[in-house]
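Undergrad: In our numbering, the protein residues as written are 12 to 72.
By construction, these hints were calculated from the structure, which means they are not laboratory data. For each residue, glycine too, the CB sits at the ideal point set by N, CA and C. Any given hint could turn out to be false.
[Unchecked claim] Now the in silico label distances, taken between C-beta atoms and shown as ranges:
(1) I53 with T19: 50 to 60 Å
(2) R51 with F28: 30 to 40 Å
(3) T57 with V32: 35 to 45 Å
(4) F26 with V49: 33 to 43 Å
(5) R71 with T46: 15 to 25 Å
[To be verified] Taking lysine-lysine pairs in the DSSO-like style, the calculated list, with each CA pair at most 27 Å apart, reads:
(6) K56 with K69
(7) K69 with K44
(8) K44 with K56
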Amino acid sequence: MVDIASYTLISITCFCFGLIVSFQIAHIHYCRKLTTLVRRSISTKTIAPVLAEYEVLKSRK
Numbered sequence: 012m013v014d015i016a017s018y019t020l021i022s023i024t025c026f027c028f029g030l031i032v033s034f035q036i037a038h039i040h041y042c043r044k045l046t047t048l049v050r051r052s053i054s055t056k057t058i059a060p061v062l063a064e065y066e067v068l069k070s071r072k
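Use the sequences and the hints to build the structure in full.
TA: So this is what it looks like as structure tokens:
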């Protein structure tokens, strides 16, 4: 049977791994969004897509 100390350590470990995974997913999402903006900026040869996205994010806050 698992005692309280082992159960607590397993819970803390699972929680930490969950945090690491969530940060990785958020980072991947951010990088993909940034890559899309860079590709649009390169294809249009202007920074307008980046500025438009910045304005949208600014208006949401």
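Undergrad: All hints, please: hold or fail.
TA: For each hint, the structure was consulted:
no. : hint                     : in the structure
1   : I53 with T19: 50 to 60 Å : holds, 51 Å
2   : R51 with F28: 30 to 40 Å : holds, 35 Å
3   : T57 with V32: 35 to 45 Å : holds, 37 Å
4   : F26 with V49: 33 to 43 Å : holds, 35 Å
5   : R71 with T46: 15 to 25 Å : holds, 21 Å
6   : K56 with K69             : holds, 23 Å
7   : K69 with K44             : holds, 16 Å
8   : K44 with K56             : holds, 18 Å
This entry satisfies every hint, going by the numbered hints stated previously.
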